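K.L.:
Now for the letters of each chain:
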Amino acid sequence: ETGVTQSPTHLIKTRGQQVTLRCSSQSGHNTVSWYQQALGQGPQFIFQYYREEENGRGNFPPRFSGLQFPNYSSELNVNALELDDSALYLCASSLEGLAPGNEQFFGPGTRLTVL
Amino acid sequence: AQSVAQPEDQVNVAEGNPLTVKCTYSVSGNPYLFWYVQYPNRGLQFLLKYITGDNLVKGSYGFEAEFNKSQTSFHLKKPSALVSDSALYFCAVRVPRNTGGFKTIFGAGTRLFVKA
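Chains A and B are the protein sequences, given in the same order. If you read the first sequence in the numbering used here, its first letter stands for residue -1, the second for the next number, and so on. If you read the second sequence in the numbering used here, its first letter stands for residue 40, the second for the next number, and so on.
With the rest of the complex left out, here is chain A (with noise of 0.2 Å):
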């Protein structure tokens, strides 16, 4: 069984630049979440992927967009980059459908810097 994987690690990019996150769930796992986790802040909510289609929204705008495979891997596309963008992403994984109870695996994150 394979654990939550992401990539890049870091990275780094201007103001008004676009960006693709990827992440891998774990195997056997359905649902995927992404949360922004500010320096000194606790992880906020962006979207949540469950078979495909986005079944939840945290507050960000349009500019963050995402999809998610048929084998259940994602993206997270942030368009127009600004400053305050620069965050630890965080992409969790879970098998989930109508039981809220399951615990995320998350995966160990992608540092963006916008500069």
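Simulated from the structure, these hints should not be mistaken for laboratory data. Keep in mind that this is a model prediction, so the values were computed, not measured. Glycine residues also receive a C-beta, built at the ideal position from the N, C-alpha and C atoms. The reader is advised that the hints may include incorrect statements.
To be verified - Derived DEER-like restraints, expressed as beta-carbon distance ranges: (1) F67(A) x N69(B): 29 to 35 Å; (2) S63(A) x T59(B): 38 to 44 Å; (3) Q41(B) x F67(A): 27 to 33 Å; (4) G55(B) x S63(A): 30 to 36 Å; (5) P57(B) x R61(A): 43 to 49 Å; (6) E51(A) x L95(B): 36 to 42 Å; (7) L95(B) x P6(A): 27 to 33 Å; (8) N51(B) x R61(A): 39 to 45 Å.
Stated by the list, open to error - Here are some of the chain A residues that sit facing chain B, going by a computed Cβ distance under 7 Å: (9) N53; (10) P59; (11) P60; (12) E101.
Since the structure of chain A is already known, use the hints to place chain B on it.
P.N.:
Just chain B now, kept in the frame of chain A:
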């Protein structure tokens, strides 16, 4: 608004002493409560959860947490702290969304320092 509060930014404890990391929540309906730990440059790691049943929940690495419905709290505890327990601890609650599905709300985190 649904929220999670961790009132202490930092907790300091000597090795071998008991530790408590506090968490309170505000949600409508039955809460699904979680504790996660984050080590430097790592993602979050699940420790334990409360869904229903016994109010005292036991988890990984000797940690436990007590669900108190009347005080809306879910404090993390360990009888004897280890230096290796030093990390950032997050309390979280899973809540239903108005548009369907669920989302997880995290507290701001509490940094635990265990001194040898």
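K.L.:
With reference to the structure, classify each hint as holding or not holding.
P.N.:
Status of each hint after checking the structure:
1. F67(A) x N69(B): 29 to 35 Å: Given range 29 to 35 Å: holds, Cβ gap about 33 Å.
2. S63(A) x T59(B): 38 to 44 Å: holds, 41 Å
3. Q41(B) x F67(A): 27 to 33 Å: holds, 31 Å
4. G55(B) x S63(A): 30 to 36 Å: The hinted range 30 to 36 Å is violated for G55(B) and S63(A), with Cβ atoms some 50 Å apart.
5. P57(B) x R61(A): 43 to 49 Å: With a Cβ separation near 47 Å, P57(B) and R61(A) satisfy 43 to 49 Å, so the hint holds.
6. E51(A) x L95(B): 36 to 42 Å: holds, 38 Å
7. L95(B) x P6(A): 27 to 33 Å: violated, 42 Å
8. N51(B) x R61(A): 39 to 45 Å: holds, 41 Å
9. N53: holds, 4 Å
10. P59: At about 17 Å, which exceeds the 7 Å cut-off, the nearest Cβ of chain B leaves the hint on P59(A) violated.
11. P60: It is violated, given that the least Cβ distance between P60(A) and chain B is near 16 Å, above 7 Å.
12. E101: holds, 4 Å
When each numbered hint is compared with the structure, violations occur for hints 4, 7, 10 and 11.
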